[in-house]
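**Student:** The listed protein sequences derive, respectively, from chains A and B.
If you're matching positions, the first sequence starts at 1 in the working numbering and goes up one per residue.
If you're matching positions, the second sequence starts at 114 in the working numbering and goes up one per residue.
Heads up, a few of these hints could be off.
To be verified - Below 25 Å or equal to it, Euclidean Cα-Cα: the simulated PhoX-like pairs (lysine-lysine) are:
no., chain 1, residue 1, chain 2, residue 2
1, B, Lys153, A, Lys11
2, B, Lys221, B, Lys154
3, B, Lys221, B, Lys170
4, B, Lys170, B, Lys154
5, B, Lys153, B, Lys221
6, B, Lys180, B, Lys169
7, B, Lys154, A, Lys11
8, B, Lys180, B, Lys221
9, B, Lys169, A, Lys57
Said to hold, decoys possible - Using C-beta positions, here's what the derived DEER-type ranges look like:
no., chain 1, residue 1, chain 2, residue 2, range
10, A, Gly72, B, Thr133, 39 to 49 Å
11, B, His127, A, Asp63, 42 to 52 Å
12, B, His127, A, Ala53, 47 to 57 Å
13, A, Asp7, B, Asn135, 31 to 41 Å
Treat the hints as calculated values from the structure; they're not laboratory data.
The C-beta atom is built at its ideal place from N, Cα and C for all residues, glycine as well.
One letter stands for each residue in the lines below.
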Amino acid sequence: DTGVSQDPRHKITKRGQNVTFRCDPISEHNRLYWYRQTLGQGPEFLTYFQNEAQLEKSRLLSDRFSAERPKGSFSTLEIQRTEQGDSAMYLCASSAQGAGELFFGEGSRLTVL
Amino acid sequence: EDKVVQSPLSLVVHEGDTVTLNCSYEVTNFRSLLWYKQEKKAPTFLFMLTSSGIEKKSGRLSSILDKKELFSILNITATQTGDSAVYLCAVDDSGTYKYIFGTGTRLKVLA
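Pulled out of the complex, with its shape left as it was, chain B reads as follows (with noise of 0.2 Å):
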């Protein structure tokens, strides 16, 4: 069965640092790997990465694709406490129609 993981589940940083999210997917047939960032309401997008665009970046925020190791990570790189959501990934099964989502990692930036 197709699944999605995220790790960590949640983490909690000072603003400036740099944290590294996770996500490990099984897909029959895979075709995109979207994150989205999700405060209290609905999720927004981040990035995008297919077979013919392994590497986004924008602004403090980098997301790079291993398709053989079948695995995805976001960086953020110098935190705000505007930072502060939950994370998540979906992958994309041309095989179905349906965007498969992780759990997500919920991160907290203090102060």
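Here chain A stands alone, though its shape is the one from the complex (with noise of 0.2 Å):
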């Protein structure tokens, strides 16, 4: 399968604990973008990363919430010190440079205690 990989697809955990997100984008892809979606909304944008650099972030990402890209491929999602308002499906994306479409994973989702 050539498509966006996430892991873990699902993640239940208590409160005030650590969480980590994995996403593999397809492989030529230099885009990637992580996505926060609950219950009955749109998908919120939570950060989108160049290659290895990180460009932008939304307001929605705390001082709890720290993404990387390091060599420019896969990428992690970690939440500290989760709340019960974090439970959501966290998707990840990628595209190719200069194209529009985005491809996403099947989403990992979180539920805190």
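Two independent chains are provided; combine them into the complex using the hints.
**Tutor:** Spelled out as structure tokens, the structure:
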């Protein structure tokens, strides 16, 4: 499968714990996005990488959230000290330079108890 | 602030009906508008509309972009139960790096 892959697909954690999600984009795509989606809402932008550079971050991304893309390939999104309000689907998407279409992964669903 | 508004929020129709979904937007530097279909998983791409491509068609689905009035519509003719999904509209603002999504329209097609 050469699409965008995300891991884990589901994560249940207790409030206060740290969680990390991984995204492997389509191999030739240099642009990578993280979005968060809650029930009944559209995806909300979190952050954007072009190669290894994080070029934009949403105000939604508090200091408990951090994302990396160390070698311009896979990316990780870490949430520290999780809160119940962090429960959501975390979607990763990638696109090629100059192209408009975003290709989404299946998402990582987080439940914070 | 940039925003994308979709209407209606939800819609229930019977198989064979034609539906029209609406997307209006306010962005500073419009570059493109994208439509996605989302079932119980990741959004899948349907169409991209830009200044040079304001009308797209694929089978029973078609979409147009009105850059003057800042909206787009997605038409689905002869609907089928498999069309049941959330349809998302997103706008690419060239002044930023993000795609701004609307809330989506939840379509349910009854047999």
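**Student:** If a hint holds in the structure, say so; if it doesn't, say that too.
**Tutor:** Hint check results:
1. Of the supplied pair hints, the one linking Lys153/B and Lys11/A holds, its CA atoms being roughly 17 Å apart against a limit of 25 Å.
2. Taking the CA atoms of Lys221/B and Lys154/B, the gap is about 16 Å. The hint holds against a cut of 25 Å.
3. In summary, the hint linking Lys221/B to Lys170/B is supported, as the alpha carbons are separated by about 21 Å, within the 25 Å threshold.
4. Our distance criterion of 25 Å between C-alpha atoms is met by Lys170/B and Lys154/B, whose separation comes to about 24 Å.
5. Of the supplied pair hints, the one linking Lys153/B and Lys221/B holds, its CA atoms being roughly 13 Å apart against a limit of 25 Å.
6. Taking the CA atoms of Lys180/B and Lys169/B, the gap is about 14 Å. The hint holds against a cut of 25 Å.
7. Of the pairs offered as hints, the one joining Lys154/B and Lys11/A holds, with about 16 Å between alpha carbons and a cut-off of 25 Å not exceeded.
8. This hinted pair does not check out: Lys180/B and Lys221/B have alpha carbons roughly 29 Å apart, beyond 25 Å.
9. Of the pairs offered as hints, the one joining Lys169/B and Lys57/A is violated, with about 32 Å between alpha carbons and a cut-off of 25 Å exceeded.
10. Range check, Gly72/A to Thr133/B: about 42 Å between beta-carbon atoms, so the 39 to 49 Å window is met.
11. A beta carbon spacing of about 50 Å between His127/B and Asp63/A agrees with the range 42 to 52 Å that was offered as a hint.
12. For the hinted restraint 47 to 57 Å between His127/B and Ala53/A, the CB-CB distance of approximately 50 Å keeps it satisfied.
13. For the pair Asp7/A and Asn135/B, the beta carbons lie near 36 Å from each other, so the given range of 31 to 41 Å is met.
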